[in-house]
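Produce the entire structure from the sequences given, and follow the hints as far as they go.
Residue numbers (numbering that gives the first Met the number 0), protein chains in the order written: chain A, 0 to 348; chain B, 0 to 364.
Treat the hints as calculated values from the structure; they're not laboratory data. Glycine residues also receive a C-beta, built at the ideal position from the N, C-alpha and C atoms. Nothing false has been slipped in among the hints.
Some chain B residues near chain A, calculated using beta-carbon distances under 10 Å:
| hint | residue |
| --- | --- |
| 1 | A50 |
| 2 | G51 |
| 3 | A71 |
| 4 | R73 |
| 5 | I77 |
| 6 | S78 |
| 7 | S83 |
| 8 | A85 |
| 9 | P88 |
| 10 | M90 |
| 11 | P99 |
| 12 | R146 |
| 13 | A147 |
| 14 | D158 |
Across the chosen pairs, the derived CB separations fall in these ranges:
| hint | chain 1 | residue 1 | chain 2 | residue 2 | range |
| --- | --- | --- | --- | --- | --- |
| 15 | A | L257 | B | Q54 | 17 to 23 Å |
| 16 | A | R258 | B | D66 | 21 to 27 Å |
| 17 | A | R258 | B | T236 | 43 to 49 Å |
| 18 | B | D337 | A | V243 | 52 to 58 Å |
What follows is each chain in one-letter form.
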Amino acid sequence: MSGLKGGLWSRSVFWLVLVTVCLMVLLPILYFLTISFASNYEAYQFPAKILPTLSYRAGIRYNADSDNYTLLLAKGADYEAVKTTSDRMDMSMYFKSQLNVILSESSVADLFSKARQTPGMMETRLRKNFFRNYVIFFILADGTMAALMNSLEAAGWTILISLILGGSTGYILARFRFRGRESFSATLLVVRMFPAVSLSLPLVIYIMKMNLYDTPLSLAIVYAVPNIALTAWITSSIFKGISVELEEAAMIFGATRLRMLMTITFPLAFPAIVASSLYAFLAAWNDSITALIMTNENPTLALLVYRTVGSSTIPNLPAAGAVVLLIPSLVFTFIIKDYIKQLWGGAKI
Amino acid sequence: MAYLNLDKLRKVYPNGTLAVQDMDLEIRQGEFIVFLGPSGCGKTTTLRMLAGLEQVTGGSIVLDGRDITDLAPRERNISMIFQSYAVWPHMTVAENIGYPLKLRKMKKPAIAAKVEHVAQVCGITDYLGRYPSQLSGGQRQRVAVARALAVESKLSLMDEPLSNLDAKLRVSVRTFLKEIHRESGATTIFVTHDQSEAMALADRIVVMNGGQIEQIGSTRDIYNRCDSLFTAQFMGTPPANIKNVALQIVGGRLIAGAEGKAGPVSLDLGRADAAPDIARLAGRGVCLAVRPEIIRIGSRAGINDVTIDIVEPQGAYTILVARILDSEWKVMVEGDPDLEPGLTVPLEVDASRIMLFDPESGRRL
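Put into structure tokens, the structure is as follows:
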């Protein structure tokens, strides 16, 4: 931060770059969030809104000649006619499906009668049901809760498998010398070169033979493959950083090897273990391709969102699903961010 | 029966390196033993075999009547202090000291009492709640000592515990270790390559070289009665001056002669009857070892006149470098005499304190 003292010029550049980078990252996310709260009507509007709206400025006009009502929505300074009907139920349905406004038929009838008494257009405010997209995504979209559970279960298994196999590999790479150790650790990364599809397709046959098809565990097995290698790399570098003498001291002072691992090595390697589980979690949580191949009746949340994108022409519902998908990873990352920080800087071992 | 007995202890590493060759050693209870030697001499390997951290290739280790050769480290009832302190960074000082006691299934109040006691002995009572990262190197080493004290082991091992400390601290922790040993009476094996540490601490020093014991003895023995040329060259700062010479008695005086580049050179070692042990070897070729401090500036000019090349004052003593017997020898004189390079002075050698070795085997004659 000493660069900040370097005068007005460099300070201005620093802030300009900082703000630009922040905007580049934050604006799309903000827009995405807005979309997830948008009604179908709003999603089609151009120019699109950058912030989500809570209500509409609207007007209802009684057309005496045809005995029907026209709904108008504010667009800039003017109003745009969006729906003309004489039927209360029709209007109520339109409110619900296109505007995310929940009004019962009797409320609509009240509006209509008021509009009939008002010459010209009756101005009103329609309150939006803000979280309707999310409610639809969870309750109306079929099996969202089940998919969420599947995702969590698959992520949990992935973390467990990666940590047990990758962690022990990392420990062995860090502590034991054996022929071909260097080439072994290099080849570990080769596993990561294979695309998920090329792993899943052949694996699906074995998964079926093992009677695991369409289960979160089967997904975890595939997710774990590249993650074991990554976990081994991350943990081995941390294990190498833990002085062997700390372990030897524990064994001399009365610990068995297992006890030593549990009370000395693992607590000291905790940041690496947490970082590896984050990677494992994200890999499992974000995948949809493998889930597409490996599941049938029991999709994961990511796959469900993916399917919603495919089936819907309006982006608001998939956006809501994506935000739902985003939240657990965000929460998980925030919980463990302190440990990650410890890993990448200021580790005291 | 010795308290600790190493019998033909042997270590061969998988790559074929012979680290320790058939080492025999007997240690009495309560002794402070120092393994001293250059790096790679097998001293640390031996210590690690005692600790159970290194597998024994051959021979046996018997501690207090029990064969511990193949036991796991935790089954040996030993303690160890490491060069890197090896205090666990994620535990407080009190937890560090208490951890071994917890593993020994001691009750909580008993652990607390013990921790309090050893912390007092080591002067770290104020730091019990701190983490090692908040302590200095010297304080960390005290924690390691307290941890080792607390377990009341049968054998206390120390692997260069002072090497990571700065020079000043090293001396004070050294004194502290000696104090602790005097009070606890724990049988201790201390590994170092620093001879001043070894001489200051040891009841007996084990000088090691190339995986073998060169000599075992008290500081006095190791310094003044070296069994081998290696020990004579290794011990002492600066080490003994060495030269292959022909020993003769000429006119009642012992003369060491050698072939220099510009013809024969010689060194007068004084009257033959003053050092009968040396005189009986006259007439043969020997390897002469003369410690710098047994040479002094003589009073009779004409005997061993040499020109001083370099003067290195050290305060309490001064080291002179001069060409003697056509080699660069060091001479240590007391105090800070007024000497300058280029000055020619006569030298006298205390013949009763010189050491002679067989030029072939390097053993003491």
